[in-house]
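Listed below, chain by chain, are the residues.
Number of protein chains: 2
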Amino acid sequence: MRWTEYDSKVCSVARAVEVIGDRWTVLVLRDLFNGIRRFDEIADHLGVARDLLSRRLAKLADAGIVTRQAYQEPGARTRYEYRLTQAGAELRPVLLALAQWGDHYLAGPEGPPTGVRHENCGAPVHLSVSCEAGHNINDGRLLRMIPLPAARRRGAHS
Amino acid sequence: MRWTEYDSKVCSVARAVEVIGDRWTVLVLRDLFNGIRRFDEIADHLGVARDLLSRRLAKLADAGIVTRQAYQEPGARTRYEYRLTQAGAELRPVLLALAQWGDHYLAGPEGPPTGVRHENCGAPVHLSVSCEAGHNINDGRLLRMIPLPAARRRGAHS
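Chains F and P, in that order, are what the protein sequence lines are.
Offset between the first sequence (1-based) and the working numbering: plus 159.
Offset between the second sequence (1-based) and the working numbering: plus 159.
In short, the hints are calculated from the structure, not lab data.
Please note that the accuracy of each hint is not assured.
You can't tell identical chains apart in this list, so a pair holds if it fits in one copy or across any two.
[To be verified] Okay, derived cross-link-like pairs now, DMTMM-like style, lysine to aspartate or glutamate, Cα gap no bigger than 25 angstroms in a straight line:
| # | residue 1 | residue 2 |
| --- | --- | --- |
| 1 | Lys168 | Glu291 |
| 2 | Lys218 | Glu249 |
| 3 | Lys168 | Asp181 |
| 4 | Lys218 | Glu240 |
| 5 | Lys168 | Asp190 |
| 6 | Lys168 | Asp203 |
| 7 | Lys168 | Asp298 |
| 8 | Lys168 | Asp199 |
Kindly generate the complete structure, drawing on both the sequences and the hints.
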């Protein structure tokens, strides 16, 4: 059966981009990974409208990706900061994959603006693809997507 | 220096999502990876408006991620199909990372709808994070983003 016969929405990629498939959302996640947690600081850093940021963060909270915590500085009103949950922390490979691709294809003559290092040893970090039999897979043509029992054929409308 | 002091746009993640940080674009890439190449088939499979798809594909072509090729079936007018370039093929880890996260956090009781297998041996494929010193890194808290010479401080406006 060809992939066109499967329901495009019954797919982990489609479900994931339904939640985080938005430019601003990815940048919010990046800032959270870099330790920027306060609403005001994220808004200022991204240069994004506060109501848009508020909607994006509410969606991330609904999806269980961030939690919101109130904080208050002396003499100021209550404000909010955000932290990644375990589910949020596990989005790190998505950002690493984007960074790795951007480093390779979109860096200028000076090279990539940032790097990722292993805290324990300082060595550069990269993502790799391997299989459970222990093979490293550098050639994407050796990856095969297969349908599992939860896949769905498209409805009669198609 | 805190990350808030660096220019949010001078960043490989920001540059990458400028090109592919859109829900439909990611689904187009997914279909291309699954061998669906013809404009008409992609439009039908995604259920997306043809003008929107056309704009997304033109942007991917401008970014060097796909190439467009004409084809013609007997008696029909010229139509187009799209293929991933090398730069496009190297976006595979982004989709694998999204799929892996969606498999874990967004699958229903039946489990993930699709799996990725190594063509040569049939074993399930996954992404992993490691450093050049050979350590596997399972704990994202051990990743540290560092600025490199191409990083830019934010302008005086901030």
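field: Same-copy or cross-copy closeness of Lys168 to Asp298 [CA-CA at most 25 angstroms]
entry: Answer is neither: 27 angstroms inside a copy and 31 angstroms across each miss the 25 angstroms cutoff.
message: At most 25 angstroms between CA atoms: does that hold for Lys168 and Glu291 within a copy, between copies, both, or neither?
response: The answer is neither: 27 angstroms in one copy and 37 angstroms across copies each exceed 25 angstroms.
task: With 25 angstroms as the alpha-carbon cut-off, assign the pair Lys168 and Asp190 to within, between, both or neither.
output: between (29 angstroms within a copy, 12 angstroms between copies)
field: Intra- versus inter-subunit Cα pairing at 25 angstroms for Lys168 with Asp203
entry: between (35 angstroms within a copy, 13 angstroms between copies)
- request: Since the copies are identical, ignore which copy is meant and state whether Lys168 and Asp199 lie within 25 angstroms (CA to CA) inside a copy, between copies, both or neither.
  value: Only across copies: Lys168 and Asp199 sit 18 angstroms apart there, 35 angstroms inside one copy, limit 25 angstroms.
task: Have a look at Lys168 and Asp181 and pick one of within, between, both or neither, based on CA distance no larger than 25 angstroms.
output: This pair counts as both: shortest intra-copy Cα distance 17 angstroms, inter-copy 15 angstroms.
task: If the cutoff is 25 angstroms on CA atoms, where do Lys218 and Glu249 land: within, between, both or neither? Let me know, please.
output: within (17 angstroms within a copy, 29 angstroms between copies)
message: When Cα atoms must be at most 25 angstroms apart, do Lys218 and Glu240 count as within-copy, between-copy, both, or neither?
response: Cα proximity of Lys218 and Glu240: one copy only (15 angstroms, versus 36 angstroms across).
Consistency note: the structure conflicts with the earlier hints numbered 1 and 7.
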